[in-house]
Amino acid sequence: PEPVHAGEVLADIIELTGPLAAQANIHLITGAASGGCDAHVLADRQRLKQILLNLVSNAIKYNRPGGSVALSCEPAQSMGLRIKVHDTGPGIRPEHLGLLFTPFERLGAEHTSVEGTGIGLALSRRLAESMGGTLDVETTLGQGATFWVELPVVEAPVDRYVRLNGHDDLARPAPSRHTKKVLHIEDNASNLRLVERILARDGDIELVSAMQGRLGLELAREHKPALILLDLHLPDITGDEVLRQLRDDPHTSGIPVVVVSADATAGQIRRLLAEGAQAYLTKPLDVAQLRELVDAVPSPTP
1 PEPVHAGEVL ADIIELTGPL AAQANIHLIT GAASGGCDAH VLADRQRLKQ ILLNLVSNAI
61 KYNRPGGSVA LSCEPAQSMG LRIKVHDTGP GIRPEHLGLL FTPFERLGAE HTSVEGTGIG
121 LALSRRLAES MGGTLDVETT LGQGATFWVE LPVVEAPVDR YVRLNGHDDL ARPAPSRHTK
181 KVLHIEDNAS NLRLVERILA RDGDIELVSA MQGRLGLELA REHKPALILL DLHLPDITGD
241 EVLRQLRDDP HTSGIPVVVV SADATAGQIR RLLAEGAQAY LTKPLDVAQL RELVDAVPSP
301 TP
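In terms of the working numbering, the sequence shown opens at residue 1 and continues consecutively.
Everything labelled a hint here was simulated from the structure, so no lab data went into it.
Here the structure is a predicted model, which means the values were calculated and not measured.
You may find that some hints are simply not true.
[Stated by the list, open to error] Taking lysine-lysine and the BS3-like style, the derived pairs with C-alpha atoms no more than 25 Å apart in a straight line are:
1) K61 to K49
2) K84 to K61
3) K180 to K283
4) K181 to K283
5) K283 to K49
6) K181 to K224
7) K84 to K49
8) K180 to K224
Could you put the whole structure together from the sequences, leaning on the hints where they help?
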């Protein structure tokens, strides 16, 4: 788990489920997802997207023709954030609530044309609980249902950096004539902004960003960066696969790769270093350690 901006994840979900909603003649209400969702929660970004994608897809599939699905956020108890998915479907019978999160239980939907396996809600609840959160439902028969996932709120990465390091890096120096490129492959926009902020004071750094692994590979071949910062959990291919392809490609095999991940297990670190990573940084980032690694990269020859 790491700080994840709730509003950015919801924007991704809206983009992914928009075609499904249009096909089913369901109105996806997106305005509610802006104001209250401007907060960071402690979560695995890909798992949170998996949970919300399941909830929104269900809200579309089990809705009434011409109905709506609304996404919103509100403060929860114990400094948490509740992300809500409300539908205008038939609601859930009280006698079915106890079975709702039982694997392979579809509450009679197996006799309808709506496809499904009955494991989505059970898996989503387990994922939420494994991230220190909860997942539950509020429903009134005939008036729809509101499924919600609740997760702890945490400080944004940039806010934490400013609090710990002050504002002395706000003024960016004049760029050097001979900049060295750093490629950052990371799908979490908050972490991209943090690294951009950390390196902002270095006038000889040109930061290139990619939010997908395959795009990162293309940019590495195109730009030949002096250093690559690589997250492991990417939306298309894993960081492990990105590292393997970088090492196998003669055009990129000599570029140093620094893994940046919240996964700090000793076995994971040893494995990635053995597979060709130059260093392994854990989140939250040690700013001094990142700067030391970037500074050690030689500037390009004039």
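Status of the hints after comparison with the structure:
1. K61 to K49: Holds - the C-alpha atoms of K49 and K61 are around 18 Å apart, at most 25 Å.
2. K84 to K61: Distance of about 17 Å is within 25 Å: holds.
3. K180 to K283: 24 Å, holds
4. K181 to K283: 22 Å, holds
5. K283 to K49: Holds - the C-alpha atoms of K49 and K283 are around 20 Å apart, at most 25 Å.
6. K181 to K224: This hinted pair holds, its Cα atoms lying about 8 Å apart.
7. K84 to K49: 13 Å, holds
8. K180 to K224: Since the Cα atoms of K180 and K224 sit roughly 10 Å apart, the hinted pair holds (cutoff 25 Å).
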